[in-house]
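Peer 1: Below are the chains, spelled out letter by letter.
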Amino acid sequence: MYDFEFERPESVTDAVTSLQSEGAMPLGGGQTLIPTLKQRLNSPSKLVSLTAISDLQGVRLDGLNTIRVGGATTHETVAKQAVQHYPALADLAGHIGDPAVRSRGTIGGSLANNDPSACYPAAVLASDATIVTSQREIAADEFFDGMFATVLEEGEIITTVKFPIPVAANYQKFLQPASRFALTGVFVAKFNSSVRVAVTGASEDGVYRWSEAESLLSADFSPVALDGAHVSPDSMISDLHGSPEYRASLVKTLTKRAVVAAS
Amino acid sequence: MPKDSGIGVSQKRREDVRFLTGAGNYTDDINVRGQTHVHFLRSEVAHGRIDGIDTSAAAAMAGVVRVFTGADFEGVGGLPCGWQVTDRDNNPMQEPPHPILAQAKVRHVGDPIAAVVAETYEQARDAAEAIKVDITELPAIVNMQSALAEGSDKVHDDLTSNLCFDWCLGETDDAKVQAAFDEAAHVTTLELVNQRLVANPMEPRVAVGDYNRASDEHTLYTTSQNPHVIRLLMCAFVLGLPEHKVRVVAPDVGGGFGTKIFHYAEEAFCTFAAKECNRPVKWTASRTESFLSDAQGRDHVTKIELALDSSNNFTAIRTNTLANLGAYLSTFSSSVPTWLHGTLMAGNYKTPVIQVNVKAVFTNTVPVDAYRGAGRPEATFQLERAIDTAARELGLDPITLRRQNFITEFPYATPVALEYDTGNYHGTMDRLEAVADIGGFAARRAASEASGKLRGLGINCYIEACGIAPSNIVGMLGARAGLYDAATVRVNATGSISVLVGAHSHGQGHETVFPQVVADMIGIDESQVEIVHGDSAKIPFGMGTYGSRSLAVCGSAMVRATEKIINKAKKIAAHLLEASEADIELKDGVFSVAGTDKSVAWGDVTLTAYVPHNFPLEDLEPGLEETSFYDPANFTFPAGAYACEVEVDPETGQVSIERFCAADDFGNIVNPMIVDGQVHGGIGQGIGQALLENCAYDQDGQLVSGSFMDYAMPRADDVPFYAVDHSSQTPCTHNPLGVKGCGEAGAIGSPPAVVNAVIDGLHSANHGVKHIDMPVTPARVWEAMQG
Amino acid sequence: MSEVTMRVNGKSVSGQVENRTLLSTFLRDSLGLTGTHIGCDTSQCGACVIHVDGAAVKACTMLAVEAEGADVATIEGQANADGSLNVIQQAFQDHHGLQCGFCTPGMVMSAAALLKDNPRPSEAVIRKYLEGNLCRCTGYHNIVKAILAASGQSVDAIAAE
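Chains A, B and C supply the protein sequences, listed in that same order.
Under this note's numbering, the first residue of the first sequence carries the number 1, and numbering increases by one thereafter.
Under this note's numbering, the first residue of the second sequence carries the number 1, and numbering increases by one thereafter.
Under this note's numbering, the first residue of the third sequence carries the number 1, and numbering increases by one thereafter.
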């Protein structure tokens, strides 16, 4: 990799200051960024590690119906600390990558990267979470901006993700056998008055909400409610591991399974 | 009391202690004082003409020692091919040059164009980015059919076409073969792909070149399965160096699976550059480079036809295969789709007429060569898929159909050039039926169906030719090397023994197994015997480890050398005991005179050999050291029967392996634990091929699955525990240990079992799917189910 | 260049590194702890798994400067004080859980991390936990068996197969 400056501030304020220099990038757990740097596909002038900022760590309950996850909380920590409050989220976090990846990788890093096959974006979108940054609060529906893109600005740090806790929820991940990212993944979250369904791994536009399923499931939260639903293969990803038609089929199958598991 | 040492005992591996404590010594762990690092600038296009290379900016960068291009290797030889195949008209194959660094053209993504030697790896890489290469991209030749089409662009401009050779084995009279098909009661035809694989030993390749100007000696540390072969090829064909001035060391090697047999450009480069720069030069492949530069495996496209008479006897087999060689001829590439593949087309069956046709094709892809099994998995897959298809078409039980056609009398001369010395195919099938509980399958299928899954059972038989190989035969077939092996048994004065062997251990456990044999023969403790391997300066000229040959060939040399030692030691003992040599017996490390209580211990005899005060000097030389070169009389023929049960998720197409059973006949077994481990590993790779692994190129010749992010390696949760059984044994008739070899069996026997099981599962739900090409991914299964 | 200080296998160590120096490079090249292996460049093979502050991490996907002040454990520090193999290492030898040995340090370190959290994992849990550790030699059979044995569970049923 190319060399860079390195800083490891202990407060968000210091981190924001450090990130103001040209070409600086935040470094979360590095589980995607470091391999990218090794391939010389990116050349930041400075990396600002967020792992020493205690304000960005941990999971805590906020009122009765919301949990707040610090931006630099590792997947392993979410898997352990969210399990009582939001088991579907904990389960998702406990199946990202592998154990060694989970002990470094962070929720903020994953969301900022917005890999079209990553798991967390599906949870955030289906939960109608709010991404709190060093500058503002962003609704999940506004945050993702296509493959590997978000509305985050240069130097903007994800400090917290606020998840409303659904009545019932489940994430179904169908593994891409090599990377073990989601070949397709579906997160279903049932709230008192609505259901949200978010799909990852399938679309060329990145994570998205399957609105037809949401309305069908809002009326009848059962797998048969989806029998007549249609998933179009248009703009689905085509690669070595599956055609658009296959991914479209998986979306429906996994959504049904998530509904069964959540019920 | 059961034996607790020697032949037949599952001794724990002595080498494990260093590997388990981080004390192994792999090539990348070696750093030589004053070492530099090389980074290769590799082609990003599959096919292109090099119009110019400007290295001036790179050469001026920080830390750069020197920049090399193809021009520096003009007059230096290219990488040789070790096997000359002759075509059906007895013409030699087309054999293009394979330069160390590209000359005039690049022919695959990853073809090295230039090399930067610098003080640090990162500096070398920085400078490589500053090299300006002017390349005119040419159309990539990727598909084999198109490569053979009239008027195709050529990978090698100086060749007449992209056809390396058109080869035929078995019955060459087409009319006679056709007649057999015309007379058949049933013909099964199957078109299938044996997909390209990447061997991916967990240790990437590494080479460290060192040159001593004072002594004019080269040392190459390299990740090789056969250091002597590398030394010979590099000295005689590439660099023109005297062999006695070159030492090749292959220390601990982190897996090979075939891809570390071959002589690679990076090895020759580091050796060459170390002298040119007068500095040690080290290269460590990244995994990305491994994907672009390690010889890959398989890649056959085949049509197979199987003829049966009205009693369901096999009457004829005809195959037409296109074999992809990639851009250049790797060291043993030409032998794989021919002599290691065509000769196995008889399988375990008595089929009177067999014709094997193979066209080998150059394409703009990474070279293809031997990967675990090498030709034999390709042969087995076609044959066993065809038999399974025939059974389905005819409504026959797949086991019964196989049993009916088994070869039962030995020796058996096949129509495709081999003579099987021994075997018992009913014996292994009997064991399989017991171990796999075939009778309980119906109940297991019902249980799977109750949980919404389809369940299939797949059977497979295999035979392989191992113990490679009789030198005179392979010489006749085009090999440019002998395939004997060698061992020196060096007894020390105090009775301990160093055995210097030509075989190389990179996971096979030789350091444990070989001493079991020697210690057993003499009757001493195994801890008194040590194996030395992997260093051309220490060991006799041996051909290394591949083709499941180490124990059958090198082990036989070791036995012969040990016999010489015992014979000489008996003479010494006879002298010490003042008895006739004929009366001397050796048991438990003690020489005694038959029928008396006179004896002398092993250690006293060995001491006498080196302190020959009371020694028959007029009849015997002092010392106790013997070498044997063993050239096998025939191949060995391990065989077996495998069963796989899968569950298929009908909604997603996901296949899971529920049970996997292997019954193998490896002849005699020295260490059952290690044999089991070899079979487990082979099955793991075979399941990988069947379900997961796919080395795929796009139409531009870019490797689509060029990292572990897209090339799916089997993981622990992709596989079950395996049941393996080796109790059906027919010892090899022509080597002293009666052993056959076990390294490749699992990788040969498992892919057809898995695919047969998936097809069986789909048929159970009335999906009339004839075949799914490997890897049988969920998407492919799902698509097949859509009709 | 930056100065880093950390504890490695119980001993305090310091060294000069570039910011881009990976922790695995620091261990291998600066400290000579070559038991931590590099088998890929996409953070998947797991041959480099070590423990940092008690957690399994991939040393090839962490910068040395990120380990400042950390407590690092590598394969070289796993044996018992008298040099004998620890329970996990011994189980790997007893059950032939390694062949070429290249993935082995990562396997042992992953197994140790698993057993610390879950002293009696099921076969399925073990297989899932090893998702980030590739082995090309063993087909995983004897690795899983070794970890079951190291956790004191019976492997007779498997051996009888």
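Heads up, some of the hints might be wrong.
[As the list claims (entries may be wrong)] Heads up, simulated DSSO-like pairs for lysine-lysine below, C-alpha to C-alpha not over 27 Å straight-line:
(1) B/K275 x B/K538
(2) A/K80 x A/K162
(3) A/K80 x C/K116
(4) A/K80 x C/K128
(5) B/K303 x B/K176
(6) B/K303 x B/K275
(7) B/K132 x A/K38
(8) B/K564 x B/K3
(9) B/K598 x B/K570
(10) C/K116 x B/K453
(11) A/K252 x B/K350
(12) B/K453 x B/K12
(13) A/K252 x C/K128
(14) B/K245 x B/K538
(15) B/K770 x B/K453
(16) B/K275 x B/K132
(17) B/K350 x B/K176
(18) B/K154 x B/K176
No lab work stands behind these hints, which were simulated from the structure alone.
These numbers were taken from a predicted model, which means no experiment stands behind them.
Peer 1: Determine for every hint whether it applies to the structure shown.
Peer 2: Verification of the supplied hints:
no.	hint	verdict
1	B/K275 x B/K538	23 Å, holds
2	A/K80 x A/K162	17 Å, holds
3	A/K80 x C/K116	15 Å, holds
4	A/K80 x C/K128	17 Å, holds
5	B/K303 x B/K176	19 Å, holds
6	B/K303 x B/K275	50 Å, violated
7	B/K132 x A/K38	22 Å, holds
8	B/K564 x B/K3	25 Å, holds
9	B/K598 x B/K570	14 Å, holds
10	C/K116 x B/K453	36 Å, violated
11	A/K252 x B/K350	50 Å, violated
12	B/K453 x B/K12	41 Å, violated
13	A/K252 x C/K128	26 Å, holds
14	B/K245 x B/K538	14 Å, holds
15	B/K770 x B/K453	20 Å, holds
16	B/K275 x B/K132	26 Å, holds
17	B/K350 x B/K176	17 Å, holds
18	B/K154 x B/K176	35 Å, violated
Comparing the model with each earlier hint shows violations of hints 6, 10, 11, 12 and 18; every other hint is respected.
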